[in-house]
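**Student:** In the order they appear, the protein sequences are chains R and E.
Residues in the first sequence are numbered from 263 upward in steps of one, following our numbering.
Residues in the second sequence are numbered from 468 upward in steps of one, following our numbering.
Calculated from the structure, these hints are not laboratory results.
None of the values given here were measured: they were computed from a predicted structure.
Ideal Cβ positions, reconstructed from N, Cα and C, are used throughout, including at glycine.
Check each hint, because a few of them may be wrong.
Unchecked claim - Computed spacing ranges between beta-carbons, pair by pair:
id, chain 1, residue 1, chain 2, residue 2, range
1, E, Gln622, R, Leu362, 51 to 57 Å
2, R, Tyr398, E, Thr792, 46 to 52 Å
3, R, Tyr398, E, Tyr589, 30 to 36 Å
4, E, Tyr589, R, Ser321, 49 to 55 Å
Claimed, not checked - Interface residues of chain E toward chain R, partial, derived using beta-carbon atoms under 7 Å:
id, residue
5, Pro576
6, Ala579
7, Leu647
8, Ile686
9, Ile699
10, Ile701
As the list claims (entries may be wrong) - List time: in silico DSSO-like cross-link candidates among lysine-lysine, alpha-carbon distance up to 30 Å:
id, chain 1, residue 1, chain 2, residue 2
11, E, Lys958, E, Lys490
12, R, Lys306, E, Lys652
13, R, Lys635, R, Lys404
14, E, Lys746, R, Lys635
15, E, Lys652, E, Lys810
Residue-level listing of the chains:
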Amino acid sequence: MSEPHDPDSGHHGEHDGHDHGHGHGSRFIQHHYDDASHQFDSGKLGIWAFLVQEVLFFSALFVCYILYRTHHPEIYEYAHHYLQVKFGAINTGVLILSSLTAAWAVRCAQLNQRKGLILCLTVTIACAVGFLGIKYVEYAHKIEMGELYGAKFDPCATPNETPLLTKSKLCKGTKSSVVWNKDTGKPDAGCIGPKAFRINAETHAITAKCTVDEVKFALNGDKKTEQSRRSLEPCEMEREAGGESKPKKTPCFLIQANENVCGAGAGALALYGDEEKRGDDIGLDVACVDLPAVEAKADVFATPETTTTLGAKQIQPIAAKTDAEEVEELESSPPPPKTNMFFSIYFAMTGLHGIHVLFGIFVFVWLLIRAIKGHFTPDYFGPVDYAALYWHLVDLIWIFLFPLMYLIH
Amino acid sequence: MAHAATADTTPEPSYLEVTKGWKSWAYTLDHKRIGFMYLIGILCALMLGGAFALLVRAELFLPGETIVGQARYNELFTLHGAVMVFLVIVPGIPAALGNFILPIQLGAPDVAFPRLNLASFYLWCIGASLMILSIVLGGIDTGWTFYTPYSLTSQGAVIPAVLGVFVLGFSSIFTGLNFLVTVHKFRPQGMGWFQMPLNLWALYSTAVIQVLATPVLGITVLLLFVENFLHIGIFNPELGGDPVLFQHFFWFYSHPAVYIMIIPAMGVVSEIITTFSRKPIFGYRFIAYSSISLALLSFLVWGHHLFVSGQSRLATMVFSALTFTVAIPSAIKVFNWVATLYKGDIRLQTPMLYVLSFLLLFTIGGLTGLFLGILAIDVHLHDTYFVVAHFHYVMMGSTLVAFMGGLHYWFPKITGRMYPEKLGQLCAGGVFFGFNLTFLPQFIMGSRGMPRRYWDYDPEFTIFHQLSTVGAFILGISLFISVIYLAWAAKNGPKAPDNPWGGTTLEWSAPTPPVLYNFSTPPEVPEMYEYDDLVEDTVNGGWIRKPSTGPKTPKHH
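Turn these sequences into a full structure, and let the hints guide you.
**Tutor:** Structure follows, in structure tokens:
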């Protein structure tokens, strides 16, 4: 809407012979204006008012950003590691270049340099398309990895690609059987076929401080969890709790997976009684009965109420950590609650910005066609000027978005 | 000038006759035709919204189910609110009357961006269609405010409705932007800021709010749309979002929007009251400044809609204090209008009757607003019929009454014909009486605890509800008759003179109805609100300038 004046206005044709005697230079000076500068000045004020409107349009999203960042700084701290600074930085450079060529285009139009104008507009369009291309790569990766907004936030992995149990979707992984890395206490990527598993609480339950109430074969969605739950077959097993004189009955489950369960982070989920009674050092081994040497370890990322990572291997003695270690730890730990809000705001802001870039492309293509036709002259170059102003604002918004989203520390 | 040659041949055809056929209207860039089309659209929407209102009132005639069930009732009051606010009152005066009058009062040939103006009208049509679509698709029951989280779970057709509001928002922004630039860039030489008619000050202030506030509504309903569509979660507490944030954003627009509705009404009142008192407006600069200060203050008070929504105590106190400041410019205007009447040669024709109604109703509406600005009292009155009555006094009793006044005032200029005066006066009386009968009982009910938006009520409220319903039907019938006789008069009324009321602003120097570019020759800027120069024309009716005051040199361009 930055360009309310179309050259092929019916205005002239409609009112032939109705000339107020203004000294119109370009044929694109509309009838109701006194002269070229009157039209240019009006358009300029109009586009500035429009840009003020645009700033306010974006302002609500910036308020969202500030509000949620104030209330939940930890999710920004965590989630920005998902974003690839490399892509953001390239896009910043691309947009700044396009702003330069847009400004240059205005200069060319003022000086009646048609070829320069066409070149500058072409480069601007190319940059805008390039920006959207890079944005597409970023978005596609996020969609694939489940790093999405709101209810759709269900990432396959932490920022440093430690696999996570997902609630709802299949994350792309290898076709091999799931292998739990006993040293890290985390599953590697994998796929569990329709097999029987025995979940044996014995080995890692030596130091258990509470009993295991329920074991869910939870991986790819609640539906499958339900399915698995129905096929749970409790088997009683005596075991000795380390240090405790009183032997306890610990449940042991046989779980039948009826279909392929694929994904990084495939494993079983154990729920350990009441939250306050849970011990920190409980672990479960999940072993496939007829697949030798494949062991899975229970992890508890999947449901919001059990985000605490359990498992013997996670317990670390407290020691001073370096910054790099802290980042490493942050990036490998599961997302804090409400991390989805970061992506809600990220997608809302960059999405709206992207729509503005797309609109800018249409405007610049239209200008390019008109430039090729030779419509712009030193006394009529308003549309180029207005579009460039619009483009600078779009650029400026990105200049704010890039550090606010990608460069948080 | 080119026109000198054509001056003594046949007169230029009016804007209504210059081209013919539906295409000449559908593709027109003439602000007068766009304003005319807006007017027709808005009057249709007014009748639709009014029909919803009457159904709501009919349902409330008796406790329990009267004509519709609970779910249908929720849809009726929602649609009444949404249609009246977004389709009628917000665009009413600026887009319909303002579009027609603003360039002529400036002596300009058109608005700055005629194409944008037409786009604004078509966006209004699209928005109206989406609203109607939401009715067809099962209605909406969220209330016109679309509060989250209910609007995220409601079974109604929320998506087309919020999309409609989004589109209507841009219609409003485009009109505001156009007016802003037009007032800045199209004032003729000799018309400084303080030589502008007060109507232009009002439309200018309105335009500022439209450009600054409406985008926030735009992004808010866009987020709500995306929320319903993609579950993005920003306003959804289940996903970690904040539903009260929606209320803040919504009222950051919708409170200033109240001033988008009322400030142009004040402009219309300022014009009519001086013309029909045959007296210069009292306190011109104060009225002008108060329009601007209302526009600015309107951005600082949105929090008074959230006194019971979990705002911090400090915020509520600050918003309460700021709310009272709004009373100052409003009161300045009322005092100046009353002072204009004082010792005036008052003519009680239909526009003036509406304006006198406005003075009384706006005073009641404004003063009851002060009650609601007091924190302790607001807790008692919040979401009761007291609030309903208060905002109807301001929106309907003030804005719509002023719109009707302005419509009658400029009707001869728009259509070139006079409306039936006696019938007009009768209907103006009916509107005043019916309105008060509808809403005065609601103040009483509200202060006694009758909650708004309730389908059923305790029997003790029956008599008030019945008075209110009877009043609403009187009001509805009066407005309906007005629309009918205006439609009739637009075709069949007696021909109107150029200046039927003896107005002094530029539109009364233009031919009736105006020609395509409003003035055949660039007009001279008249001495504004100077009534001594005008005498009644005993031959043709209306008023003409005394011959002795020789024309000054043309100043436009």
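**Student:** Hint by hint, which ones does the structure fall short of?
**Tutor:** 4, 13, 14, 15
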